[in-house]
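*Asks:* So the sequences go chain by chain: A and B. Per the numbering used here, the first sequence starts with residue 1, numbered consecutively. Per the numbering used here, the second sequence starts with residue 1001, numbered consecutively.
Read the hints as simulated data drawn from the structure, not as lab findings. We put the CB at the ideal spot given by N, CA and C, even for glycine. Treat the hints loosely; a few may be bogus.
As the list claims (entries may be wrong) - Pairwise CB distance ranges (calculated):
1) A:R223 / B:F1183: 56 to 62 angstroms
2) A:Q61 / B:Y1091: 38 to 44 angstroms
3) B:E1124 / A:R336: 55 to 61 angstroms
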Amino acid sequence: MATTKRTVEVELSTTGLDAQGRPIRRPLVSDESGNISTLEAPPGIEPDFEGEHMLINIGPQHPATHGVLRLVLELDGETVVRCIPHVGYLHCGFEKTAEYRQYTQIIPYTDREDYLNSPGNNVAFVLGAERLWGIEITERCKVLRVILSELSRIMSHLVWAGTTCIDVGAFTPFLWMFYQREAIYKLLEDWVGARLTTSATRIGGMAADIPDGWIDQLKHFTRTFPKVMREVDSVVTRNGIWVGRTTGLGVMSPDEAVNYGLSGPMVRASGVAYDVRKDFPYLDYETYDFEVPVGTRGDVYDRYLVRMEEMRQSIRIIEQAIARLPDGPVNVDDHRVILPPKSRATSDMESMIHHFKQVMEGPRPPIGETYVAVESSKGEKGYYMVSDGTPKPVRWRIRPPAFVNLSAIPKMVEGHLLSDVIAINASIDIVMGEIDR
Amino acid sequence: MTAPFTTVMAGAAAPGQPTSPKNVPLRGGEPNPSAEALRAQFAGAIARVDVVCGETSVIVDRAQLLDIVRWLHDDAGQQYDYLSDVTAVEYRDPERPLEVVWHLRSLPYRRFLRLKVLLERGSELSVPSVWPVYKGADWLERECYDMFGIRFDGHPDLRRILMWEGYKEGHPLRKDFPVRGRFSRSEQLRQALSANPEARYSMEELSIAQAFEDLPDDMRRRLAAGGTVGE
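I would like the entire structure built from these sequences, with the hints used as guidance.
*Replies:* Okay, here's the thing in structure tokens:
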């Protein structure tokens, strides 16, 4: 049978070859004219696996890789000897596209890179832009952005905890977590009208002030949410299967974690108390009273504990923010960046000019560059923007925390079992939209 | 089970509590004290120190970059133990040099420092890799190479990372790269349809299962010459 070059690939990628170089199972192959047939394995030859390493391919289309991550593993028996990750299947060129967009038009792109944490990304981007313009935002805006960032952190950690429970074999916490996430989405929907891709911030302010009665809904959430956390705690934290499948896996020592550039819950689980909110604060985080949870063994179980505690601390921060939420304007009174009200734009010449300039040309920042990092749910999320004085950035760089965290996966899975790779991979909390951008 | 780690506190060597930056001037302001220390230590290699938006950028000589980074990492008075980011900037002005940018953090001192190397147009686009000092530079440098074509000498495995290995159109974040790609839509579609959708393996991966020996002769020759399995 005349087979094409493609044949060998099908064999390798679906089944692998045995010691004699023959297909172990019978894969489908196509010949020159496109006819599909099966490869006949010669009878009577038993595969001999002694002393050979096996090549296993996970992904890119595999539910346990949380997106389109592909891992090529070298296995000795069931132990991972080497791991070669492949990323880039979701590359959309956000950074390239942003060079052709005005600053205000980039905000929607921040929703779509780390789509589980979109409000937090919106806040990070406008903080950078405001640093460039030299704008000081209002007190009310600061507090609203803190609430937004913390809701976003809870939202993202809920998805992480739910899906990781599924990966390890527990289904019920997933439903509880997603029910709570839905409650946050309802809050966001009432505020900005969108659920997943919020675009909630504007340079110099917010897309909208909170509607009437919103704080009461938020208070209801902060009251009911800790109860759900206690339920999850009672089901998962001391669960024998959960503990057995997560302790001692993917250990990173504090020195390694810092040297590999890990951030967020990953570095804190390894015992390094590095939190951008504490060490390089923004939005007056230094005035809020909250703890930074730190792990002691740097394994998957510690990462779970750190994330659970972070959600409780986020609730604390939100409660403090509600208590101090001041009245007053949300947006700055600066018509270089904030659109004047429509009624004035149609009646007042100056406002109309501002409106026209902003919509047609876009706001122009001064020449400069800034790197602003925030603590997103994944870690240190940085936006580096370089301006040459035109309305479009010369360079908009996303510092993706999950990308750097994922780069340590070969180090973490080495020597563990194949089934533990799934748990370790889940513990990184990857979002491929952010990794591939 | 191993003994638990002792907690490492960030900001252990920094006095006082940090506060959120307020009213940051665009130019000027207090430079990072490390810039002065760098001038004292590597006088000839520091071209310029800028303070923009309250962040200190030090423009350094390409040849001494690795020494400078190693010194910043190891010196007890600096302790830049955390590499935030490696990236590059190409300006729209075709005369301006490319900039390779490193964002470093000193967790014990709570400092942030930006290092830059300027690569003149027409010169070779290569800088030393900081991978020997920071393991986290691995993928960041690969991405920078993929997007800008800047080679990082000393990197253990400098391959494309976001684009696929057989990508023929160049380096997407360069300014001479059109936003929709170099090839027409019909050509891109043709390439996409003719590409082999099956997973591809590198030479390194094929050596795992000793599958390389089992390949047909022509494919082995092509692979040995640096080709890929697909296409």
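*Asks:* Indicate, hint by hint, whether the structure satisfies it.
*Replies:* Verification of the supplied hints:
no.	hint	result
1	A:R223 / B:F1183: 56 to 62 angstroms	57 angstroms, holds
2	A:Q61 / B:Y1091: 38 to 44 angstroms	40 angstroms, holds
3	B:E1124 / A:R336: 55 to 61 angstroms	42 angstroms, violated
Taken one by one, the earlier hints fail for this structure only at number 3.
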